[in-house]
Amino acid sequence: MKRGRDTAALFIAAGLAVVGAVVLWDSARLADLGGYSGLGPASVPRVVGFGLLGLALWTVIAALRGEFPERPAQNPAPVLWIVAGLAAQLMLLHAAGFSIATGILFAFTARGFGKRNMALSLSVGIALSFAVWCVFSQLLMLHLPAGPIEQLIFRRG
Amino acid sequence: MDAYTFLLQGLATASEPAMLLYALIGVTLGTAVGVLPGIGPALTVALLLPVTYRLDPAGSLIMFAGIYYGGMYGGSTTSILLNTPGESASIITALEGNKMARKGRGGPALATAAIGSFIAGLIATLLLAFLAPSIVKIALVFGPREYFALMVLAFVTVSAAFGDSALRGLTSLFLGLALACIGIDQLTGQARLSFGVPDLLDGIEVTTMAVAMFAVGEALFIAGQRVRQDDEVTAVKGSVWMSLQDWRRSWKPWLRGTAIGFPIGAMPAGGAEIGTFLSYAAEKKLTKHPEEFGNGAIEGVAGPEAANNASAAGTLVPLLTLGLPTSATAAIMLAGFQQFGLQPGPLLFATNPTLVWGLIASLLIANAMLLVLNLPLIGLWVKLLTIPRHWLYAGILLFATLGTIGANPSSFELGMLLAFGVLGYVMRLFGYPIAPIVVGLILGPMAEQQLRRALSISQGDWTTLLQSPIAAVLLGLAALAFIVPLILRARGKGEVLSQMAADED
Numbered sequence: 001m002k003r004g005r006d007t008a009a010l011f012i013a014a015g016l017a018v019v020g021a022v023v024l025w026d027s028a029r030l031a032d033l034g035g036y037s038g039l040g041p042a043s044v045p046r047v048v049g050f051g052l053l054g055l056a057l058w059t060v061i062a063a064l065r066g067e068f069p070e071r072p073a074q075n076p077a078p079v080l081w082i083v084a085g086l087a088a089q090l091m092l093l094h095a096a097g098f099s100i101a102t103g104i105l106f107a108f109t110a111r112g113f114g115k116r117n118m119a120l121s122l123s124v125g126i127a128l129s130f131a132v133w134c135v136f137s138q139l140l141m142l143h144l145p146a147g148p149i150e151q152l153i154f155r156r157g
Numbered sequence: 001m002d003a004y005t006f007l008l009q010g011l012a013t014a015s016e017p018a019m020l021l022y023a024l025i026g027v028t029l030g031t032a033v034g035v036l037p038g039i040g041p042a043l044t045v046a047l048l049l050p051v052t053y054r055l056d057p058a059g060s061l062i063m064f065a066g067i068y069y070g071g072m073y074g075g076s077t078t079s080i081l082l083n084t085p086g087e088s089a090s091i092i093t094a095l096e097g098n099k100m101a102r103k104g105r106g107g108p109a110l111a112t113a114a115i116g117s118f119i120a121g122l123i124a125t126l127l128l129a130f131l132a133p134s135i136v137k138i139a140l141v142f143g144p145r146e147y148f149a150l151m152v153l154a155f156v157t158v159s160a161a162f163g164d165s166a167l168r169g170l171t172s173l174f175l176g177l178a179l180a181c182i183g184i185d186q187l188t189g190q191a192r193l194s195f196g197v198p199d200l201l202d203g204i205e206v207t208t209m210a211v212a213m214f215a216v217g218e219a220l221f222i223a224g225q226r227v228r229q230d231d232e233v234t235a236v237k238g239s240v241w242m243s244l245q246d247w248r249r250s251w252k253p254w255l256r257g258t259a260i261g262f263p264i265g266a267m268p269a270g271g272a273e274i275g276t277f278l279s280y281a282a283e284k285k286l287t288k289h290p291e292e293f294g295n296g297a298i299e300g301v302a303g304p305e306a307a308n309n310a311s312a313a314g315t316l317v318p319l320l321t322l323g324l325p326t327s328a329t330a331a332i333m334l335a336g337f338q339q340f341g342l343q344p345g346p347l348l349f350a351t352n353p354t355l356v357w358g359l360i361a362s363l364l365i366a367n368a369m370l371l372v373l374n375l376p377l378i379g380l381w382v383k384l385l386t387i388p389r390h391w392l393y394a395g396i397l398l399f400a401t402l403g404t405i406g407a408n409p410s411s412f413e414l415g416m417l418l419a420f421g422v423l424g425y426v427m428r429l430f431g432y433p434i435a436p437i438v439v440g441l442i443l444g445p446m447a448e449q450q451l452r453r454a455l456s457i458s459q460g461d462w463t464t465l466l467q468s469p470i471a472a473v474l475l476g477l478a479a480l481a482f483i484v485p486l487i488l489r490a491r492g493k494g495e496v497l498s499q500m501a502a503d504e505d
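Protein sequences appear in the order of chains A and B. Just so you know, the first sequence maps onto residues 1 to 157 in our numbering. Just so you know, the second sequence maps onto residues 1 to 505 in our numbering.
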């Protein structure tokens, strides 16, 4: 499948090069106490860093020759809905508690998969998350952040 | 004492009522989650890890064993009843199994898969039990350099040997190795790649990364697909019992599948579904009904299913005896051990034989439970298959984040879940394999430690790595596993290799 230049793959190569460079830059500031082995804490990161730079170069070559496989067509909107859901859960987790934050994630994910009735999916999500919270924090003793809903029913800190 | 005595003791441990209950919960949860379309064994194990957080080590590992085997069974049900199999491990099963189901022979297809999985699981678990002591004996003479060579071999086979591109496999592996460097250096205590963020000092959590890659990445990928195939569940009509002729046509493929699958699983070449692939090819060649292949031949379900389960048990050989995970699923299992501070390997057999042998024995018990549970409950599994997609994936993400929050209730950890999820999405989009990054993350620090130990012993002399015959042979094999596929691909024979690769498991 020879195609033209693959711009997206060139971005990947650039990303790999950046990661490789960061790894090398970080390893440069470590005091390399090789000891008996001659290998210190910076040695393996150095190998990995140069490896990533090499792979970046290889990716550039593959991209220029168009050797990357065809990508399935993607709709950005559903992907963004789910990412937004995860971000919302992350930000609300401690303020609103597990059930509300995870319920929002649930509703946004369902929206991403084409369920438009947000009122329904939000209530299903919060109810389900609350049930999960009860089982896991009360029975299995996991620490799951509690919010208004949880505190209303289980009066504990 | 020999393996037989140990196994009997293990059975005694595993048949305590509490342990039986854990195993039962494990197989039920494992099957229920494994049945859900798009969830392979690796994700099943990762999603259910939080359930075991607060149990004692023995109970937790026994539940884990049940989850692992249950996930494998669940996957085969999906591939028979659904026209679009989610996980690559079951593609071969779907080839014939779904055809059988459409012809109204779904019952016998499920039965031959279940019984074949049982027989393969039984034989392979017994082989594991009887091989383990001798491998442990060999492993005890392994020094750091032999371990390092073994890990290099695992790196190469997981990343470069199979799949359609050595470049993408190696890129995935090196990203995993780079992530593995994050945190405090084990030998000198210096912080690496942590950029002053205290949350990074402990390194990247393997379970967070695995859940993000498999659950979040997969959900994003499926959600974004423009062409959406509609899953169609084929109803099971008629009896689930196999006719006499079905039995006659199934038993040999079961045994052949087991014989093919187990050694392949046991070799440090995980990630590859060569077992199912070879078994299918063998059955196609040996069958007396060649016209049925492609239209629902029972041998094509029986053989690959047995091979699939046998290689799953085979993967446990290097994991338990050497502490070497050779697949994404095994890497997550290793993380499950590590949460209790246990390191699988030869020492665990010496220091905690009750635990190890209890685990092996509980695999036998889980296997038997699955046979009993599976066929009668088939109606329930079919119901699970018909859950609409939007609820299904919403639920998957709920549980994926639950696991992360349960392990570490911090927004930072969730941020990593999101970041790795997006990374997993991009990797899927561009055809990068997922298993190497997970294996790199968990094996990277172990390989580094062994290398530094080996060179400390030799006082910095690198030739020490080749002076041990075992290490030299292993490194030679690793070189071959890297070079031969490159040549094959250059000559245009790469399709065979990419067919043998799997996204996970």
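Read the hints as simulated data drawn from the structure, not as lab findings. Possibly wrong hints are sitting among the right ones.
Unchecked claim - One side only, chain B facing chain A, incomplete, derived with CB under 8 angstroms:
(1) Pro-198
(2) Asp-199
(3) Leu-200
(4) Phe-340
(5) Gly-406
(6) Leu-455
None of these values were measured; they are calculated from a predicted model. Ideal Cβ positions, reconstructed from N, Cα and C, are used throughout, including at glycine.
Right, here's what the structure says about each hint:
no. : hint    : in the structure
1   : Pro-198 : violated, 16 angstroms
2   : Asp-199 : violated, 13 angstroms
3   : Leu-200 : violated, 11 angstroms
4   : Phe-340 : violated, 16 angstroms
5   : Gly-406 : holds, 4 angstroms
6   : Leu-455 : holds, 4 angstroms
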